[in-house]
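If you read the sequence shown in the numbering used here, its first letter stands for residue 12, the second for the next number, and so on.
Because the hints were derived from the structure by calculation, they are not lab data.
Predicted model only: the values in this text are computed from it and were never measured.
All C-beta atoms in this analysis are idealised placements derived from N, C-alpha and C, irrespective of residue type, glycine included.
Check before you lean on any hint, since a few could be wrong.
[What the hints assert, rightly or not] As a list, the in silico DSSO-like pairs of lysine-lysine whose alpha-carbon atoms are at most 27 Å apart:
no. : residue 1 : residue 2
1   : K50       : K13
2   : K50       : K110
3   : K13       : K51
4   : K88       : K54
5   : K13       : K110
6   : K51       : K88
7   : K13       : K88
8   : K13       : K54
[Claimed, not checked] Pairwise CB distance ranges (calculated):
no. : residue 1 : residue 2 : range
9   : K88       : G109      : 28 to 38 Å
10  : L94       : V62       : 13 to 23 Å
11  : N65       : H101      : 19 to 29 Å
12  : H30       : G64       : 27 to 37 Å
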Amino acid sequence: MKLIAGLGNPGRGYANNRHNVGFICLSHFARIQGIRFDKKQGKARVGVGEVAGNEVVLAKPQTYMNLSGQSVGLLIKRFDISLDDLIIIHDDLDLPLGKIR
Numbered sequence: 012m013k014l015i016a017g018l019g020n021p022g023r024g025y026a027n028n029r030h031n032v033g034f035i036c037l038s039h040f041a042r043i044q045g046i047r048f049d050k051k052q053g054k055a056r057v058g059v060g061e062v063a064g065n066e067v068v069l070a071k072p073q074t075y076m077n078l079s080g081q082s083v084g085l086l087i088k089r090f091d092i093s094l095d096d097l098i099i100i101h102d103d104l105d106l107p108l109g110k111i112r
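Throw the hints in and build the complete structure from the sequences for me.
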């Protein structure tokens, strides 16, 4: 099982903020894969599905950017995820706009 966490800040006021690129990318990915964020677990909105034959948990922590580790930590424990199976999507102000690492 894989955990993909898209980081951002909850609330409409932050919807198009650069810090919300994790939420935005994860929402787009979920839509393409037909996965709905229909659960709340580990202080996050969560969707579970299958991608390329792998079971995945998609998560949008609702703890704001600076506290997202709390939520991700709870989800790692809840779903027994190894760190090798964790993907974090977030903005990085040290990278030029549009650059992916």
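Right, here's what the structure says about each hint:
no., hint, verdict
1, K50 <-> K13, "17 Å, holds"
2, K50 <-> K110, "32 Å, violated"
3, K13 <-> K51, "17 Å, holds"
4, K88 <-> K54, "13 Å, holds"
5, K13 <-> K110, "24 Å, holds"
6, K51 <-> K88, "15 Å, holds"
7, K13 <-> K88, "13 Å, holds"
8, K13 <-> K54, "18 Å, holds"
9, K88 <-> G109: 28 to 38 Å, "35 Å, holds"
10, L94 <-> V62: 13 to 23 Å, "19 Å, holds"
11, N65 <-> H101: 19 to 29 Å, "21 Å, holds"
12, H30 <-> G64: 27 to 37 Å, "32 Å, holds"
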